[in-house]
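Enquirer: Chain residues, written in single-letter form:
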Amino acid sequence: MSARAIDVKLPKPQGPYPPTEAMLSEPVSEALQEEQTVRLRKAWETPKGWRYPTAVNNTEVGIWYTMTALAFMLLAGCMALLIRLQLAVPENDLVSADLFNQLFTMHGSAMMFLFAVPMFEAVAILLLPGFLGARDMPFPRLSAFGYWCFAIGGVFVIGSIFFNVAPRAGWFMYPPLATEDEGPGSDIWLLGLSFIEVASIAAAVELIVGALKCRPPGMRINIMPLYAWYVMVVGGMILFAFPPLIAGDFLFELERSMDWPFFDPTRGGDPMLWQHLFWIFGHPEVYIVFLPSIAIAAMIVPTVAQRPIVGYSWIVLSAVGTGFLSFGLWVHHMFTTGLPSMSLGFFSAASEAVVIPTGIQLFAFVATLMVGRVKINLPMLWIAGALAIFTAGGLTGVMLAIAPFDFQAHDSYFVVAHLHYTLFGGMVFPVIAGVYYFMPFITKRLLDETLGRWAFWLIFCGFNITFLPMHLSGLLGMPRRIYAYPGGLGWDWLNLISTLGAFVIAAGFAIFVFDLVTHPWRKPLSPRNPWNGGTLEWTHDVPEENWGVRSIPYINSRYPIWDDPKLLDRLDSGRFYLPDAKEGYRETIITSVIDAKPLYIQRVTGPSWLSIWAAIFTGGCFILPTFHIYGPAAVCGALAGVFIIWWLWRDTSRPPEADSKDAGLGLTLPTYASGPDSVGWWAMWITMLGDATAFASVVFGFFFFWTANADFPPEGAADPVAALVGLAALGLTLGWAGTVGARMLNRRGRVGAARGLLGGGAVVTAAGMAALALSVIDLSPREHVYPAVMWALAVWILVHAGLGIVMQLYCLAASVAGKMTPRYDADIRNVELYWHFHVLSVLVACAVMGLAPMVL
Amino acid sequence: MSHDEHRIRQKEEKRAFREEAESLIRITLAPVIWAGHFLLCYCTVAVACAKTGDVAPWRGLLIAITLGCLLAIVWVGWRSFRQWDVRRTGDFTNPYGEAEDRHQFLGHAAFLLAIISGIGVVYSGLPLILIGGCA
Chain A
402 MSARAIDVKL PKPQGPYPPT EAMLSEPVSE ALQEEQTVRL RKAWETPKGW
452 RYPTAVNNTE VGIWYTMTAL AFMLLAGCMA LLIRLQLAVP ENDLVSADLF
502 NQLFTMHGSA MMFLFAVPMF EAVAILLLPG FLGARDMPFP RLSAFGYWCF
552 AIGGVFVIGS IFFNVAPRAG WFMYPPLATE DEGPGSDIWL LGLSFIEVAS
602 IAAAVELIVG ALKCRPPGMR INIMPLYAWY VMVVGGMILF AFPPLIAGDF
652 LFELERSMDW PFFDPTRGGD PMLWQHLFWI FGHPEVYIVF LPSIAIAAMI
702 VPTVAQRPIV GYSWIVLSAV GTGFLSFGLW VHHMFTTGLP SMSLGFFSAA
752 SEAVVIPTGI QLFAFVATLM VGRVKINLPM LWIAGALAIF TAGGLTGVML
802 AIAPFDFQAH DSYFVVAHLH YTLFGGMVFP VIAGVYYFMP FITKRLLDET
852 LGRWAFWLIF CGFNITFLPM HLSGLLGMPR RIYAYPGGLG WDWLNLISTL
902 GAFVIAAGFA IFVFDLVTHP WRKPLSPRNP WNGGTLEWTH DVPEENWGVR
952 SIPYINSRYP IWDDPKLLDR LDSGRFYLPD AKEGYRETII TSVIDAKPLY
1002 IQRVTGPSWL SIWAAIFTGG CFILPTFHIY GPAAVCGALA GVFIIWWLWR
1052 DTSRPPEADS KDAGLGLTLP TYASGPDSVG WWAMWITMLG DATAFASVVF
1102 GFFFFWTANA DFPPEGAADP VAALVGLAAL GLTLGWAGTV GARMLNRRGR
1152 VGAARGLLGG GAVVTAAGMA ALALSVIDLS PREHVYPAVM WALAVWILVH
1202 AGLGIVMQLY CLAASVAGKM TPRYDADIRN VELYWHFHVL SVLVACAVMG
1252 LAPMVL
Chain B
534 MSHDEHRIRQ KEEKRAFREE AESLIRITLA PVIWAGHFLL CYCTVAVACA
584 KTGDVAPWRG LLIAITLGCL LAIVWVGWRS FRQWDVRRTG DFTNPYGEAE
634 DRHQFLGHAA FLLAIISGIG VVYSGLPLIL IGGCA
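Same order as they appear, the protein sequences are chains A and B.
To convert, count from 1 in the first sequence and add 401; that's the working numbering.
To convert, count from 1 in the second sequence and add 533; that's the working numbering.
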């Protein structure tokens, strides 16, 4: 190895680790504690006044996120009340059929996309750093960006109902009804919710990296809080579940706006493709909603029982097992579409199998409660309600998973009852339990005991009054989504009871929301650990401090507060890691994935307008096309890019002023990392995994058409020009090689050659893009799905190659500006990873476009 | 045990439980086998039924693959059971922040996941045996 190669090496962590008891018992002088506290407080100060929205701290963003999701939930709940009023009596004419369609479509869409999934992200952003004793999430501005995307997109989607243009084809938007629907409703659904899915993926990236890399030193994988396990599993599920829907949205919107016939059977398309893509997303999504909520229960139950959870490994098994099995269920939403009976058998079998891990975690909770000393406090009351309701919903799920039963109950109110039992029991109740349990952590105040009991009994009874009769109305044949029904079919009184029950639920929510919103003014500060919990979030500061933890502790058990009586004192006095912010930066410790060994100190980004502007322009880019305003939408897209690049350029991966610094307890840690050690590289990896899944879904579309169509590719259809496809593959592969070569040369100190390869890589990439565009230019995508799918593949690759060029030029500029050097090369390591994924998708796409026409 | 033997043993254990040797991906091995098996069965049946209307020629092969997957899962399960090492330690919970506990915990989790994946593969195999047609 040459001298130069050694020269660019970053320092390794140095000093004693793990800390000895003697080191930990050494006191910190009062004066030093005081100085450190002042500096730390200054670094983590929340902006005040008109700058408040620029805050990015997880506690601020988390609260906005949860409150926005709650507001959307209440709106969607009001829509449900209107639906129930309309159905209270036969042949009612309170609302028109059209408005009724908008109401139920929006109720379902909003509850799923604007409440259930975002609420998981919101709660996780708010709580996860607390569970892990981290100061913040690894990418605070990404959380903020995700939040603003969600808020803008959510207001746009839900606001449409006030203008009478809301989507109205049902929350799963089946074509041809949804593709043929007049007016912007379907576009609002597609583009608005795609925009929000961006926020979901951003949150998934943030949360997976958070759980894997931001644990405190010593918190090995076998002692991390169960919530972190669930978050990791759910983050992974989002990466495989949301992209098929994004791919479906991509195809759907191409059909809506450009008339490319992906779902139109008269031109070779197939509406079933949408059903597949939607439910490959839709069923895992149920578990994406359920698992993090039951994770809250996994945090509450040990505290209530005042003992460690029974069967930690069993719960990990449940989370991971459910995560996998939930992907084998999607066709159980399509049992009546005429698929081969053997295929139905596979999905029926998996639907029954998933009950096992789902059940195991509930048994683990019950076992913990049985061997502990349980006091029924408010959080436990809601958890008990959740277990009761979810179990009932699970049992009807077992029934519906049996195909012949489903044939009978399909699209009836029985299904409506089932899904509300699972979602209320699996999501709403545990989340409310979490609200009561974690409120002393969030606002430093307890909610009201009496109001809480009233809210519980009203919602619990109201829920059963509303939804229990629906099982019967469904079995009596009442279909879902009808706006009126004739009297005398035995449905009348059942519907009336359901409507009454709905208002009882509403009364319960009114009490709950009143308490939630007004308690900061009515309630005194609570004790620091009011429930006597054992996990790290209860080391929080009362009254609030923004730094997360005063010093980042060394952890070696699952319930450190219970097991280590000295923990709190040491933590508060700054005895542990990073007790100071000498340079005035926000910092947190990044640790290794399995054993949480300290790796380096990560500077996290602080308050900024940039993420808000980036979100606003990203919003413009998605929202304007709804009204067929394409020019300004493109401008918005470009501006969003500018703001994102500005944010990355100014504040991420800057060479630090010193290579390493004192982290406390004698440990010196590097201040910069690149490649697999760094969180940015992991974020890129995770994002690209999601992106690859979306691409795979588009390719799946191609093979789906081939399977379902006797005539695909159609006789005599024009194919993409094979030679040009070959050239495109060559150009884009050279673009990849240029990036990889530039990374290697840069590391060896040959900066000039690296810059040359980056520039040259961008040029050959552009040439490859031109060849790819020319290869399909003569195909007419409106005529048949075959040319349309070829175009879709080309568009996908072109957009990604364009991004690849932007990244190459970014690295080139960073190298010229001295932001990226042979020593500090995180930028190009991340870009190289992007290109690894991209070149794979290029080769697959070119194989499909160039070779498949010859083979099939 | 002499002092030297003890030291060698300690060194061995250190190596056996070192972090680099462990991976989260490994505990998902059995579920990945389930997923691969599931996809393979579903895709084969979907294509065979759509293209030829008859899945019979593929049934035997798919059942054989199912048995192969089960064997693979049993192997994964046995290996993880050894890694968990509960018969020697008697430790079912592995609640401490030590390399050994982490190592055995990952074995325990992988073992349980192998059981559930095995059940999943058996379930997916049932339609191959019981239904057997495209109708």
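Among the hints, a few may not be true.
[Unchecked claim] Here chain B is said to cover these stretches of chain A; the calculated rule only asks that three of the stretch's residues, wherever they fall, bring their Cβ under 8 Å from a Cβ of chain B: (1) 560-571; (2) 705-719; (3) 726-737; (4) 986-996; (5) 1081-1094; (6) 1113-1122.
[Said to hold, decoys possible] So these bits of chain B aren't anywhere near chain A, every CB distance computed over 12 Å: (7) L557; (8) A581; (9) G593; (10) L594; (11) L604; (12) R615; (13) G623.
Honestly, the hints are just simulated from the structure, not real lab data.
Even glycine gets a Cβ: it sits at the ideal position worked out from N, Cα and C.
Enquirer: Confirm or reject the coverage of the region 1113-1122 of chain A by chain B under the rule of 3 or more residues with a beta carbon closer than 8 Å to the chain's beta carbons.
Expert: Check failed, 0 qualifying residues.
Enquirer: Closer than 8 Å, Cβ to Cβ, for at least three residues: run that test on the region 1081-1094 of chain A against chain B and report holds or violated.
Expert: Result for this restraint: violated, n = 0.
Enquirer: Do at least three Cβ atoms from the region 705-719 of chain A come closer than 8 Å to Cβ atoms of chain B?
Expert: Coverage by chain B holds here, the residue count being 6 at a Cβ distance below 8 Å.
Enquirer: Check whether three or more residues of the region 560-571 of chain A sit with their beta carbon closer than 8 Å to a beta carbon of chain B.
Expert: violated (count 0)
Enquirer: Beyond 12 Å from chain A, beta-carbon-wise, is G593(B)?
Expert: holds, 14 Å
Enquirer: Non-interface claim for R615(B): all C-beta distances to chain A beyond 12 Å?
Expert: At roughly 16 Å from the nearest Cβ of chain A, R615(B) sits farther out than 12 Å, so the non-interface label holds.
Enquirer: With 12 Å as the threshold, tell me whether A581(B) passes as away from chain A on beta-carbon distances.
Expert: violated, 9 Å
Enquirer: Confirm or reject the coverage of the region 726-737 of chain A by chain B under the rule of 3 or more residues with a beta carbon closer than 8 Å to the chain's beta carbons.
Expert: holds (count 3)
Enquirer: Closest CB-CB distance from G623(B) to chain A, is it above 12 Å?
Expert: Holds: least Cβ distance 15 Å, greater than 12 Å.
Enquirer: For L604(B), is the shortest CB-to-CB distance to chain A above 12 Å, so the non-interface label stands?
Expert: Non-interface label stands for L604(B): nearest chain A Cβ at 19 Å, farther than 12 Å.
Enquirer: Would you check whether the claim that L594(B) is not at the interface survives, using Cβ distances to chain A and the 12 Å cut-off?
Expert: holds, 14 Å
Enquirer: Taking C-beta pairs only, is L557(B) more than 12 Å away from all of chain A?
Expert: violated, 7 Å
The structure fails to meet hints 1, 5, 6, 7, 8 from the earlier list, while all remaining hints are met.
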